[in-house]
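Please model the complete structure; the sequences and the hints are all you need to start from.
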Amino acid sequence: MVALLHCRRFLRSLTTRHFLQSNSLPAHSSVLMDPKGTIIFTTVGRPYYGFDVFSINLLKTTEHRLTDGISINFNAQFVNDNDQDQSIVFISERSGAPRIYQTLPVSPKAEQLPCITSSLFHDRPLVKNHKLYFVSAHEKPDQLFKSWSALYSTELEVSKITRLTPYGVVDYSPSISYTGKFIAVASYESRPWSGEFHDLYTDIVVFQESDPNNRVIVCERGGWPTWFGDSTIYFHRQADDGWWSIFQVNFPENFEFFSGFPMAPIRVTPPGVHCFTPAAFHDGKRLAVATRRKNKNYRHIEIYNLELKEFFPVTESLNPNFHHYNPFVSANSEFIGYHRFRGESTQGESTIPHLEPVTSPTKELRMLRLNGSFPSFSPDGGLIVFNHDFDLNAGVKVVKSDGSKRWTLIKDRTAFYNSWSPSEKNVVYTSMGPIFESIKTSVQIARISFDPSNLSHNREEIPCDVNILTREETGNNAFPSCSPDGKFLVFRSGRSGHKNLYILDAVNGEFDGSIRQLTDGPWIDTMPSWSPRGDLIAFSSNRHNPDNVNAFSIYVTKPDGSGLRRIHVAGSEGSNDVNRERINHVCFSRDGEWLLFTANLGAVTAEPVSWPNQFQPYGDLYVVRLDGSGLRRLTWNGYENGTPAWHLGNELDFGRLSIGDDIGDKLRGQFDEPLWISCDI
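So in the numbering used here, spot 70 of the sequence shown is number 70, and the numbers just go up one at a time.
Think of the hints as simulated: they come from the structure by calculation, not from any bench.
In this text the structure is predicted, and so the values were computed from the model without any measurement.
A hint or two may mislead.
To be verified - Simulated restraints, written as ranges between beta carbons of each label pair:
no. : residue 1 : residue 2 : range
1   : Leu156    : Glu437    : 51 to 59 Å
2   : Ile681    : Phe511    : 44 to 52 Å
3   : His130    : Asn295    : 44 to 52 Å
4   : Glu139    : Met33     : 45 to 53 Å
5   : Asp380    : Thr346    : 26 to 34 Å
6   : Ser514    : Asp577    : 18 to 26 Å
7   : Arg516    : Arg566    : 19 to 27 Å
8   : Asp577    : Asp547    : 13 to 21 Å
9   : Ser345    : Phe312    : 21 to 29 Å
Cβ coordinates follow ideal geometry from the N, Cα and C atoms, glycine included.
This is the structure:
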């Protein structure tokens, strides 16, 4: 209860400090100010996680929850050698960003440990010999398209933080040997990120904390190392036959004088079952692993006996319909820990709020995570239109911008990508039809109008009129954006055989003949956004490399089609890196001088196989000035963040953000394995 009250005090104070500020820059100011306002976005799967850390007593096969049900709690390790203690260090997002916490046996309250205040990402904490080790992603690397993740340590009593990863190097998933003499990490060293997302092709690297620059690549291609003693490491990687498996490598403890690195590893687990994220027992005879088996829909924790070469199930009989992640083992091998969805009947937060505050790295920007996708603010900022759940064909909904109430405009029909008319408080536009389909699939631009007086607290569904603006035979029409005066829409259409941009009348559509092609070519122009001043339209396109359907950059053009140019976010024109950009979901700041978008410029923050819902590698939000300068990263949390919207009004008063237990959706733990994990090999 103390921790819950602390969390809610934090959220109330966050609301008071951040959401009552004005965004009052004049629309035509000649002074280029820092970005301001409120950004709302979605995170794929994250609102549903509801993770808590649990342990199982292997002698009694009883499960015990170790965290308190506030926010999400994950990636833990036991702290002490006393198994009965079960104190842990873990990651929690209760403060609005992933930070490090510890539980103590004398208090149920989670205590925050020393961390890097400027970092919005901490991961994989562990304590050894009174030192805390963890991954953080707060220091910019020496180039774009490289991860920010690096390993740090601190004396718990001193709180002086030391970087152990050399500058220019990327490290993930640390593990400390039994005595604390050696550290192992998954690393791709100083190599640039290849762009691969499913398997990072990291190496297993070992070094001593006393000499972190003297690093040895023990084995090529491996991730998530775990130690037995000081001379054996187990790790996971995808085998040549396609199955994720556990491998082992042995080496002399005095490895500085051993010339046989890198070594060929020994495969430990057999094909036919995916095995991830190993944790070695200290007897050297067993491994705790997360598995995904054929004909099974969930990831579970199992023990693999290295001598008998047999699996022994642990969690499936207890929680058959939950995913279980990232096991860890107590010092005396009596307990296994892991994190999972806490369950509907467990005490703790049980509701997904409509809107959730997220820590922002920029002082004048406030950030909110939406339980839904493709948000768009009403002209006065008091309402947000969005799409709720594509799996349920949830249509179009409207939520108050303080999160206190939600209504349904359209249900039981798939819709995506919304634009609220800047000139009308009762008109929104959307794409009606299936998402992610071919250019011939029928998707239509729709104008939705409703009576705002019906937005009352005594009804859930709001009557509305739906007017289709595009012809059915024209195929896939999507991603509408309304002009500031409310008279026109720019949208993407595949009617010519290629996905290009068109402009049509926002009231009558193309049925009176008022449609004009804005761009034309054998490439993909998509996700347009009209600037608040009406002078520019920004969009994503692969026109610089039409053969690559993944490499998108930002372009802007005037509404008459003149002045088309590319915004070089990733570097100067002619650089090879600019063609690696995967930029989508572009929109403008209120003054029209900043662009907000999603991109892959920061590579990957954590090993994707250890997380659910890994869909795309362009999952972070950035802002950049219209001339391509001033690039700033807004998110780096291991998730896929996307579909952002930037409030464009003079003032956005959220009052008191509503996150009570009775407001929002019921937390059901609905999330998936990464789409690229297949058991049909």
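Cross-check of the supplied hints:
| no. | hint | result |
| --- | --- | --- |
| 1 | Leu156 x Glu437: 51 to 59 Å | holds (54 Å) |
| 2 | Ile681 x Phe511: 44 to 52 Å | holds (51 Å) |
| 3 | His130 x Asn295: 44 to 52 Å | holds (46 Å) |
| 4 | Glu139 x Met33: 45 to 53 Å | violated (26 Å) |
| 5 | Asp380 x Thr346: 26 to 34 Å | violated (40 Å) |
| 6 | Ser514 x Asp577: 18 to 26 Å | violated (41 Å) |
| 7 | Arg516 x Arg566: 19 to 27 Å | holds (22 Å) |
| 8 | Asp577 x Asp547: 13 to 21 Å | holds (18 Å) |
| 9 | Ser345 x Phe312: 21 to 29 Å | holds (27 Å) |
Hints 4, 5, 6 from the earlier list are contradicted by this structure; the remaining hints agree with it.
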